[in-house]
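Visitor: The listed protein sequences correspond, in order, to chains A, B and C.
Letter by letter, the first sequence follows residues 1 to 468 in the numbering used here.
Letter by letter, the second sequence follows residues 1 to 468 in the numbering used here.
Letter by letter, the third sequence follows residues 1 to 468 in the numbering used here.
Hint data in this document are derived by calculation from the structure and do not stem from the laboratory.
A hint or two may mislead.
Pairs involving identical chains hold if they fit within one copy or between any two copies, as the list cannot separate such chains.
As the list claims (entries may be wrong) - In silico EDC-like cross-links for lysine to aspartate or glutamate, where the CA-CA straight-line distance does not exceed 16 Å:
1) K3 - D448
2) K3 - E133
3) K319 - D54
4) K3 - D86
5) K30 - E122
6) K319 - D78
7) K30 - D323
Keep in mind the model is a prediction, meaning the values are calculated, not measured.
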Amino acid sequence: MPKALQPHPDRALPAGPARDVARRIHDSTKDLPLLCLHGHVDIGLFAADAPFGDPAELLVVPDHYVTRMLISQGVGPDKLGLPRVDGGQTAGPREIWREFCANWQLFLGTPSRYWLEHEFAEVLGLTVHPSAETADELYDQIMARIAEPDFRPRALLDRFNIELISTTDAATDDLAQHAELAADLPGRVVPTFRPDAVAHVNRADWPTLVAQLGALADVDTSTYDGFLAALRQRRQAFVAAGARATDHGHLSAAATPLSDAEASRIYSGALKGDVTTDDAAAFAGHMLYQSAVMSAEDGLVMQLHPGVLRDHHSEIFAKYGPDKGHDIPVAAEFTRSLRPLLERFGHADGFRLVLFTVDETVYSRELAPLAGVYPAVRLGAPWWFLDSPDGMRRFRELVTETAGFYNMSGFVDDTRAYLSIPARHDLARRIDAGYLANLVVQHRLDEDDALQVAKALAYDLARDTYLS
Amino acid sequence: MPKALQPHPDRALPAGPARDVARRIHDSTKDLPLLCLHGHVDIGLFAADAPFGDPAELLVVPDHYVTRMLISQGVGPDKLGLPRVDGGQTAGPREIWREFCANWQLFLGTPSRYWLEHEFAEVLGLTVHPSAETADELYDQIMARIAEPDFRPRALLDRFNIELISTTDAATDDLAQHAELAADLPGRVVPTFRPDAVAHVNRADWPTLVAQLGALADVDTSTYDGFLAALRQRRQAFVAAGARATDHGHLSAAATPLSDAEASRIYSGALKGDVTTDDAAAFAGHMLYQSAVMSAEDGLVMQLHPGVLRDHHSEIFAKYGPDKGHDIPVAAEFTRSLRPLLERFGHADGFRLVLFTVDETVYSRELAPLAGVYPAVRLGAPWWFLDSPDGMRRFRELVTETAGFYNMSGFVDDTRAYLSIPARHDLARRIDAGYLANLVVQHRLDEDDALQVAKALAYDLARDTYLS
Amino acid sequence: MPKALQPHPDRALPAGPARDVARRIHDSTKDLPLLCLHGHVDIGLFAADAPFGDPAELLVVPDHYVTRMLISQGVGPDKLGLPRVDGGQTAGPREIWREFCANWQLFLGTPSRYWLEHEFAEVLGLTVHPSAETADELYDQIMARIAEPDFRPRALLDRFNIELISTTDAATDDLAQHAELAADLPGRVVPTFRPDAVAHVNRADWPTLVAQLGALADVDTSTYDGFLAALRQRRQAFVAAGARATDHGHLSAAATPLSDAEASRIYSGALKGDVTTDDAAAFAGHMLYQSAVMSAEDGLVMQLHPGVLRDHHSEIFAKYGPDKGHDIPVAAEFTRSLRPLLERFGHADGFRLVLFTVDETVYSRELAPLAGVYPAVRLGAPWWFLDSPDGMRRFRELVTETAGFYNMSGFVDDTRAYLSIPARHDLARRIDAGYLANLVVQHRLDEDDALQVAKALAYDLARDTYLS
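With the rest of the complex left out, here is chain A (with noise of 0.2 Å):
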C-alpha cells in the first residue's frame, strides 16, 4: 500500500517543552502575509499567466535543488529533461517524473523534502508519497490540478497570500514583460535590478550586452561614461517599474573603486576584447562600489552575496548551460572586502546593503559584527544551500547575540520555484518559532518579547528594509 502524505502540524517544530511556546509564536505568524522580495521566479510566468505544462516542467527539470541531488546518485541529466544546448533529445516528461518518483527517498532530511511534501499535500492536494508504484497516478492527479483556472500563476499569488513578489531581472532587460502585467495587477510583481553580466567584462557576451544596454538606455556605450549613464538610466527605469532594490552575485565582496582613468582604461580595452582576469575581476570590484554610489542616489537596496563558483564542471555548462546544480561555493571574506564601501556608505543616510553568504564562518566572524554596527548594514536570510531547518537555526544561533534581530532584513526566500514559495515562508517561521521558543523555555526572552520578534522576523524587517 503506498504510504499516505500527511505533513504533520507540529513539523519541524522543537519536541519538549518548548513545542506549545513554538506552536504559540507560529501561530501567531503563519497567516502573515508574504513579501518575496529576492525571489527569481520569471516574470514571462505571470505576464502569460498560462497554465502550467505537466509535473516534470513543474517540479523537477527547473529546479536544481531536486536535479542535482537526482544527478548525484547517477541519474543523467538527459533522463531528468535538462534542455540541452545543442537541442538534442531528452526524456519526456512522465519518464522523468518516473525517476524523480523513484528516488524519492534521496531527499530524505533535505529542504527539498519538505517543501515537496508542502506542496505535494497542501497546493496539490495529493495523499500518497512518491515511488516507482504511485508515480503514474500522482502525475494524472497533478495534471488535472494545474488544469483548474485557479491554478493559474496570477491566481496563485492570492492564493498563496503574497503581497509583493519581486523578479530578477538582467540591466539589459526592457521590463515590457513587467509594464504588460503591471496594467492588469499593479505594483503586485516588481522587478529587481541585476547588472551581474555588464559589470564583468570577460565574459564572451559582454560587448553585445554593453551595446544592448545602450541601445535600451539610448545612450552611447562606446565609453566607460557613458557605460555608467547608461546603467543610471536603466535604474531609473526599474524605479519607474517598481524596483525596490539591486542583486549582485560576485565570486568576491571586494568593493575597491578605482580611479576613472583606470576603471576607462580597462572598459576600453575589454571593447576591443583586450582584458586581463585580474583587469575583469578589478572592474568587477568597482561596479560593486559603483553600484553603492548609484544606491545611495536613488534608493534601490544593495542585496550583495558572494562567493560562489559557477559552472564548476566545464562539459556540464557547454551541453547543459548555467544554474544546473554544479555551482559550488568557496570561503567568503567581507570584513576587508566591504571596507572602502562601507567607510564611505555605511553610515549613509538612505543608503542599505543587505547581506548573504554561502559559507556559514563568516556569520558570527564578520557579518553580525558588521550588520551591528553599520547603520546601512542587515543580513539577509539564510540563502541557498543554507535555505534549510538546521541552516536557519544555527543562522539565528551565530548572528543574534551580536546583531540582535533588527538588524535582519526579515525573510525573503530565494528561489525559481514558484509552488515552493509558500512552504519556504511557512518553513521559516517555523524554525524561527523554534528558535524564540528555545530562548522563552530557558528564560532568555519573554513570550510577548518572542511574539513581536517573530512577527518582525516574517514580516515587519522585510518591509521595513525593502519597503520603508
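With chain A's structure known, arrange chains B and C on it following the hints.
Guide: This is chains B and C only, laid out in the frame that chain A set:
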C-alpha cells in the same frame, strides 16, 4: 503599565530533563569567588574610588557593545555622548539615557540584555524594564543608588565577591595608581602588561612611546637592544606590582623571530620614520616571539588574541577615537603562525600561553588540537563577541572533545564595564552548568564528575593558569 | 572505594522525548556486522596472531589520542614509553599504566574516555574506573585477560563482529603478511594502497623508496614513466590481494595535473636531490590527479584526507618519530583544489572519491555541495579529531540538508587501536540514532524511514561505497 523586571532564577539553564541537574551544578558554583584576570576596568576607578557619575556614564557611554547596537539602528554617536576627539558638544546624560531606554528592544537576544537585566535587578535594585516611559524614573533611581557609600568601586569588590582583578596597562604606564591602590588594598587589583603599542613600529605615536618607555625604564631606547632591555625592565616593574600576565592584541598570530640584525634594522629605520607595512608586520610578529622569550624568563603568562581589524571606519576613528564598536574580526590562523614559538616554548617548563579568538572556525580545527598536546597552551574563555550564551556553548562543544576540560584557562571575563562582571561570571557558570548537565543526562559524564569540572571551569583552572 | 565502571545502556543517546525513538533505532543497528574500511591496524598483528603484551602496549603507548592528552598536561613522552628514535630508555609498562590511571580525569568529555570505558567494561571485563589506587589491580586483571586464547587478534575479529577490515599499506609494502594471513583467513583482512611517501619527492627517503618500489614491481623507476608503470603494477598487486581502496593524506587537496614533460622534469631532478618546495607540492598535486586516472582504470576507491600539518614540533619528531600527537590541522579547501580532477572524473562511471576533513568549515560550504551533485563523490565519516559525539552530530547537521544521506560513505572507523573498533562503531550508531530520532520527534522524518537510513549509515552505504 511598565513591564516588570524579574530575572528568572533558572535563566540560561536548559529546559527539559537537564534542568534539575543544571540547577544543582549551578548551585555548587554560583558563590565561588571571581577571578578577573583578563579585564580592562580602568585602574583609575579603584585608585580614585569616587562615586560613579550618572547612568549614561556608568552603563551606556563606555560600553561599546551597547553603543554599537544603538549606532547600528541609526542613533548617532553624538546622541550617545561618545566623547569627540575635537571636544565638540554631545548629548547630556539624561538624553543619552533616554535614547538607550527607548531602544531597549534592540538588545533582545543579546548578552548585553542579559548582563544589563542582571545589573539592573541585582546590582541596582530596579524593578521595571527600561522604555521611553520609564527612562526618567530609572535615571533618578540609579542616581540615588550610586550616591550610596557602599556603591563605591572598592566597596563593590567585596559585594561582587571579586578575589582578584587585573587591569590592562600599557608598557609605558608608570603604575603609580597601582602603587597607590596597593597601599590601601594589597594584592586585590594587579596590572597586566600590554606592550602592543610599542610593538607596532608604524603607529604615528610610536617614536614618542619608545622614548617614554626608555625614560620610564631609565634605559636608552635609541637602539633595538636598549628597547628589549627597557621592556624587560618594565616587565620586572609589573611583576613587582603583582602582574601575572601579559596581553597581546595583534592582527595576526604570526610569531616568527627575525635575526637580531634584521630586527635592529627595522627598529632603527622606524625611529627615523622610515618603515614599510611589511617590515612593521614582521617586527610585530618578532615581538610576539620575543614576548615568549621574556615570559619564559619571568613567568608572566602570555595571553594572545589575534584576528581583529581595528577601527574599520576611519571617520569614526578620526572623530571619536578607538574602541567605538568599529573593530571587526577577520579570519584567524594559529597552526602555522604559532609554530616557531611553539617549536621553542611549547614544551618549555614554566611557560604558559593562553589563546583567545573571535573566529570560531579555529576552535576545533586548530585551538583544541594545539591545546590538546602542547603543555604550554591553554584556551581562554570565549572572547568579546563570543562571550555569550550560545557562543560559550559552542566553544565547549567544539573544543572539549579534543582538548578536554583541563587545558582551559577557566572563565576570566574581559570587560571595561565593571558593573557587568558578576553578571558575566554568573552567565558563564550557568552555560557551563547547562552544558555539563546535558552530558550528564545523555550519560556521557557522571554527575559527581560534572560537579568537579564545573568548579574547575569557574574557579580552579583560572587559579591554576594564572596564579600557580 | 573505587568508582564502579558501568557504561549506561542509554549512553550518548539524547535525553528527553527523542530517547525512546533513539533506543529503537539503535536496537535495530547495534548488531549489524562491522565494515572497517579506512583502518590503520597493523597487518602484523593479524599475521602473527600473538597475545597482546601488556596494558600499556595495548591501550596507551600506540594511541596518540591518549598520549597527546597526557603530554598536554605535562606528562613527558618518556614517562609514557613513547619509543625513542635513539633507542633510549623509557618507562616500563607498569609505570606507564600508573601514569595513565592517575590522570584518568583528563579524558572527561572526550571520545577517548568513551571508547576506553566501553573497552574496559565490555571487552576487558573491568568493573572499576582507573585511578592511582586501582592502577595495579587493573593492570593485573588486564594481563590475565589478554593471556586467554580467545583474546588473540584473529579470535577478536569474530567477537567484534568484524565482517571485513582493511589495513593501510605503503606502495612499497610487499604484502607478504597479507598473503600469509589470506591463506588462513581469506577475504577478511585486506590491504589499502597508500602511495603518499612516493608521491612526495622532497622526503629525505624518497630516492630510496622509489628504488624499492621499482625493485618490488620489477620496473625501472629511474624515469617518470617507469615510476607510473611501477605504481600501476603495485596497484594490481594490491587489487589481487583484495584491496578496495587507496588512501591519500596530502597537506593540500590540490589535484592539478602537470604536463608529462613538467612531471618528468621534477621527477628527474628529485632523483638527483634537486627539487624546490614548490615543485614538490606541484608534483604531489599531480600525483593526486594521476591516482584518480589509475582509480578510473582499476576501480580502487580513492580516499582523500587533506589539511593536516604533520609533525608540528620538530624536536618531538626527531626524538620520537611521526604520529605522536603533534599533527595539527590547517584550513582546507576543496572547491578549487579538486576542480581539475572532478572536471575529468566527477561524472565518470566507476570512479569513486571519498572525502574526509578535519576542518569543519568545509562541511556545508564545500563538501556537501560537491557530494550533492557529483556522482563520483561521497563523504567519509567524521575523521580523527571529529570522530566524537558532538563532532558526528555536527557533521550530520551540516551536510545532510544539502547532500542527503545516500551520498555518505557510511561509518568506516579510522584507528590504529584495534580494541577500540567496536566502541567506535557503537558510538557512531548511537549518535546517528540520536540524530535521526530528533528528526523523528520534530516530524522531519518518519520512524520507518529513520530505521532504513540508520541501517544505511551503519552498514549498507559502506558496502555500497567500497564493495559494490
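Visitor: Next, verify each hint and record whether it holds.
Guide: Hints versus structure:
Within a single copy, K3 and D448 get their C-alpha atoms only as close as 40 Å, which misses the 16 Å cut-off; across copies the closest is 11 Å, which meets it. Proximity of K3 to E133 under the C-alpha cut-off of 16 Å is restricted to the intra-copy arrangement: shortest distance 11 Å within a copy versus 58 Å between copies. Taking the shortest alpha-carbon separations for K319 and D54, neither the intra-copy value of 24 Å nor the inter-copy value of 63 Å comes in at or below 16 Å. In this assembly of identical chains, K3 and D86 lie within 16 Å of each other by CA distance neither inside one copy nor across copies; the values are 40 Å within and 67 Å between.
Proximity of K30 to E122 under the C-alpha cut-off of 16 Å is restricted to the intra-copy arrangement: shortest distance 14 Å within a copy versus 38 Å between copies. Proximity of K319 to D78 under the C-alpha cut-off of 16 Å is restricted to the intra-copy arrangement: shortest distance 10 Å within a copy versus 59 Å between copies. Taking the closest pair of Cα atoms, K30 and D323 never come within 16 Å of each other, the shortest separation being 31 Å inside a single copy and 42 Å across copies.
Checked against the numbered hints above, the structure breaks hints 3, 4, 7 and satisfies the rest.
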